[in-house]
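J.: Chain by chain, the residues:
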Amino acid sequence: MMKPLRLYFYRSCLSAFLLTALGQIARAQTDADALMIPKNMFCAVASFDHSSWTNYWEGTFKRNNLNIGTLSANSYMAMGNYGITNKLDLLFTVPYVTTNASAGTLKGQSGFQDLTLTLKYLAFQTEIGKGIFSVHAILSGTLPLSNYEPNFLPVSIGLHSQTVSLRGLVNYQTGRFFVAGAAQYIQRSDITIDQNAYYTTQMIYSNRVYMPNVNNLLFSAGYRSLKLNIEGIVSQTTTLGGFDIRKNDMPFPSNRMNFTTAGGLVKYSFDGVTGLELTAGGNYVLKGRNVGQSTDFFGAVQYVFDFNKKHSK
Amino acid sequence: MKRRLLNFLPLIIIAAVVFLGSCSKEIIDRTSTFQALKPSNEDVNADTWKTVLIANPAAFTVAAPDAINSAAYTADVNEVKSYQNNLSDDQKAIIAYWRAGAVLRWNEILRDLVAKYNLPPYQNPDGTYPFPSSANPFAYPEFPFSNPPYAARAYAYVSAAQYDALVTAYHFKNLYKRAAVYKNVPSIVPVTPKSSLYSYPSEDAVVAGATVEMLKFLFPTEVNYIQQKANEEMQYRIMAGANVRGELTAGQTLGSQVADVFVARGKTDRAGKAIGSAPVWLALQNNATSRGDQYWTSLETPARPPMLPLFGKVLPFLFDTLTVVSLRPAPPFVAGSDAFKAEVAEVLSYSKNPTREHQAQVEFWADGAGTYTPPGHWNAIAETEFVQQNYSEVRWARNYALLNIAEMDAAICCWDTKYFYFNMRPSQADPQIKTLTGIPNFPSYTSGHSNFSGAAAAVLTYLLPDRGSKFNDLAQQASMSRLFGAIHYRSDCQVGLITGAKVGQYAVQWAQSDGAGIK
Numbered sequence: 278m279m280k281p282l283r284l285y286f287y288r289s290c291l292s293a294f295l296l297t298a299l300g301q302i303a304r305a306q307t308d309a310d311a312l313m314i315p316k317n318m319f320c321a322v323a324s325f326d327h328s329s330w331t332n333y334w335e336g337t338f339k340r341n342n343l344n345i346g347t348l349s350a351n352s353y354m355a356m357g358n359y360g361i362t363n364k365l366d367l368l369f370t371v372p373y374v375t376t377n378a379s380a381g382t383l384k385g386q387s388g389f390q391d392l393t394l395t396l397k398y399l400a401f402q403t404e405i406g407k408g409i410f411s412v413h414a415i416l417s418g419t420l421p422l423s424n425y426e427p428n429f430l431p432v433s434i435g436l437h438s439q440t441v442s443l444r445g446l447v448n449y450q451t452g453r454f455f456v457a458g459a460a461q462y463i464q465r466s467d468i469t470i471d472q473n474a475y476y477t478t479q480m481i482y483s484n485r486v487y488m489p490n491v492n493n494l495l496f497s498a499g500y501r502s503l504k505l506n507i508e509g510i511v512s513q514t515t516t517l518g519g520f521d522i523r524k525n526d527m528p529f530p531s532n533r534m535n536f537t538t539a540g541g542l543v544k545y546s547f548d549g550v551t552g553l554e555l556t557a558g559g560n561y562v563l564k565g566r567n568v569g570q571s572t573d574f575f576g577a578v579q580y581v582f583d584f585n586k587k588h589s590k
Numbered sequence: 055m056k057r058r059l060l061n062f063l064p065l066i067i068i069a070a071v072v073f074l075g076s077c078s079k080e081i082i083d084r085t086s087t088f089q090a091l092k093p094s095n096e097d098v099n100a101d102t103w104k105t106v107l108i109a110n111p112a113a114f115t116v117a118a119p120d121a122i123n124s125a126a127y128t129a130d131v132n133e134v135k136s137y138q139n140n141l142s143d144d145q146k147a148i149i150a151y152w153r154a155g156a157v158l159r160w161n162e163i164l165r166d167l168v169a170k171y172n173l174p175p176y177q178n179p180d181g182t183y184p185f186p187s188s189a190n191p192f193a194y195p196e197f198p199f200s201n202p203p204y205a206a207r208a209y210a211y212v213s214a215a216q217y218d219a220l221v222t223a224y225h226f227k228n229l230y231k232r233a234a235v236y237k238n239v240p241s242i243v244p245v246t247p248k249s250s251l252y253s254y255p256s257e258d259a260v261v262a263g264a265t266v267e268m269l270k271f272l273f274p275t276e277v278n279y280i281q282q283k284a285n286e287e288m289q290y291r292i293m294a295g296a297n298v299r300g301e302l303t304a305g306q307t308l309g310s311q312v313a314d315v316f317v318a319r320g321k322t323d324r325a326g327k328a329i330g331s332a333p334v335w336l337a338l339q340n341n342a343t344s345r346g347d348q349y350w351t352s353l354e355t356p357a358r359p360p361m362l363p364l365f366g367k368v369l370p371f372l373f374d375t376l377t378v379v380s381l382r383p384a385p386p387f388v389a390g391s392d393a394f395k396a397e398v399a400e401v402l403s404y405s406k407n408p409t410r411e412h413q414a415q416v417e418f419w420a421d422g423a424g425t426y427t428p429p430g431h432w433n434a435i436a437e438t439e440f441v442q443q444n445y446s447e448v449r450w451a452r453n454y455a456l457l458n459i460a461e462m463d464a465a466i467c468c469w470d471t472k473y474f475y476f477n478m479r480p481s482q483a484d485p486q487i488k489t490l491t492g493i494p495n496f497p498s499y500t501s502g503h504s505n506f507s508g509a510a511a512a513v514l515t516y517l518l519p520d521r522g523s524k525f526n527d528l529a530q531q532a533s534m535s536r537l538f539g540a541i542h543y544r545s546d547c548q549v550g551l552i553t554g555a556k557v558g559q560y561a562v563q564w565a566q567s568d569g570a571g572i573k
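As they're listed, the protein sequences go chains A and B. In terms of our numbering, the first sequence opens at residue 278 and continues consecutively. In terms of our numbering, the second sequence opens at residue 55 and continues consecutively.
It is possible that part of the hints are untrue.
What the hints assert, rightly or not - Ranges between beta-carbon positions, derived for each pair:
id, chain 1, residue 1, chain 2, residue 2, range
1, A, 371, B, 78, 28 to 36 angstroms
2, A, 553, B, 82, 47 to 55 angstroms
3, B, 194, A, 408, 24 to 32 angstroms
If you are wondering where the hints come from, they were derived from the structure by calculation, not from laboratory data. Glycine included, C-beta positions come from ideal geometry on N, C-alpha and C.
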């Protein structure tokens, strides 16, 4: 029972990225799948994500902006996933982000964005029919890694909020096919900006900005084998509060940023080189509010180190 | 050990989420902590202070108040009594808000309106731009577009009208000598500090009356909101046991009469024609070319007509239009000259290598679209200073009037200079120059922020000499933020500060002889 499961999970350390939005809500979704790395193994990842948008939603009004042109962001990420036990993984992501507006005069920004630390816990699993049903609890925290400027959207590299989130994930795999669903609640800290007064729907005389919390729903399904993994992912992110960008105004970190994305990924594990995997995929924002309609593409190289080897034989 | 950790994990997760969920995310707005206004000096002789626009306070009509023993006064007193010791939490919150001061709160409301309406219109499908129209204010783009010149003028008119209205109110207070209701009826205990001033007409009401009338003119789509705020303020005075209704009605009527004088001036001060027209915009180009310079073009796409090119023709408060011309600084460096190239290179260096400190300075002073503008920023700075001074309402109004007529006249002088020379922004001279904030849609020389800040610093330094170089230091920071943001040349900032300070000195001279003294 344990052994085939472990084989499935072996080498599988990374699935999807999502870097989107006017507000660069970046999230490496290593914590959004049911794949675990076994005890004493470490997966090292180098990845790249390119996202861009030309149209965005000002509230619900969809428009372009010839003074921004196409807003693009590149993220270079170092990630890792370590198996503390077979049921508990520790993951981290360190992203370096650059932004650029193809038109207008606004200067693109760059810097280390937010560290993500995640504990992924396989809380429950059982056989149902011919497949395996599992439940994961995933606790994540993010912490800004540099003093970047959050209130210079859309070219800011992030929102500079500290977050803690809890995600529940259910997965059912039968044969080589799986379906999964997840719900996440993200608690965001207030942020500090460089202005000491700002307008939302009224003037607020403070340099602190209230950041409403966020939730995320995710559904994925696909083919998952030892060598090849192909899946489709639909995700919906909702900000639980915040305000709309007014007509022809600039965006603000506490806008109500909502977006629904559809995407997919392919992951391939090499037979010849044990531990080497390649991942590629993309996402597209189908519908949004106060965000850019971004398309993003990502690629990653993963390598799994097994610290068990010397002892296990 | 690891197994134990696993057992505790669900507990750890729950504890973490509960802990985070309990973190307070409430934002404390510093204006919500202001205490009740308790003037250290009631300025009882303010009826002798020099007014801005009205010629003679005695020329207004304020009916004599009801006699203390009249049925009307008794009814008014009973209305006050009905609230005594009988206030809901909402009513207490209204009192806590308004008792910080009428001039203070209306200035905040005005800043709110400026920020709300400070949005450049979205383009038409054909790439032209619509203009807001005071004749049709509700149509998009709603009237007004409260950009910095418009805002400077709005702050000036509102503050000056409030001040003249208060001086006039003092005239009638000292004429009718009506004692406050808590003096006539000892059982009434006000929840605001007691005043030694006569209470007819009410200061709060005269400020509200003047402001409502001014804002109908300046922000016509907000009449309902403004009226509701005024009603709330009048209710506060009664609930607080500070005024009776008759004192409020008389004050509002007087305030609106005084404001009418300012509205009449506002309708003919040439601001309504400041947008110009296509032939005017073309003439500006020719003027720059004839000077041997390269003319300004909009860096927006689609190209937007320049912001209020004829605002320099608006009638100032502190001096005449000939003085505006005489305050116009010498020309900027001509495009292509060595001095010009050196300045462009300096801007490029700030664009290419911004420090985080410079970025913070740029954002702090940006005050661009969707904000209360630089004059609003200086009003907010003044507020945090004035609130420590325990000024009377009339001195609050007088000091804001001084600040804001200086800001308006600085805007006039700055816009006169900008459109007389009509020179390029750095990013037009060198497209490599990327900016750390939005680039304003008007010529470069001289910097608006620098003019506003130079004028404000001169006025505030005069009013609060014990602050030393504080305001000049802030002005310097505001001015340099425009160079660091790569949207202005150094000379725009330096010369703008000097011109602004000169305008500010006219307000200082005015203050030195208006009868109010320093404190």
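J.: Determine for every hint whether it applies to the structure shown.
T.: Each hint, compared with the structure:
1. The given range of 28 to 36 angstroms is respected by residue 371(A) and residue 78(B), whose C-beta atoms sit roughly 30 angstroms from each other.
2. The supplied range of 47 to 55 angstroms is met by residue 553(A) and residue 82(B), whose beta-carbon atoms lie about 53 angstroms from each other.
3. Distance hint for residue 194(B) and residue 408(A): a CB-CB separation of about 57 angstroms, inconsistent with the stated range 24 to 32 angstroms.
Of the numbered hints listed earlier, the single one contradicted by the structure is hint 3.
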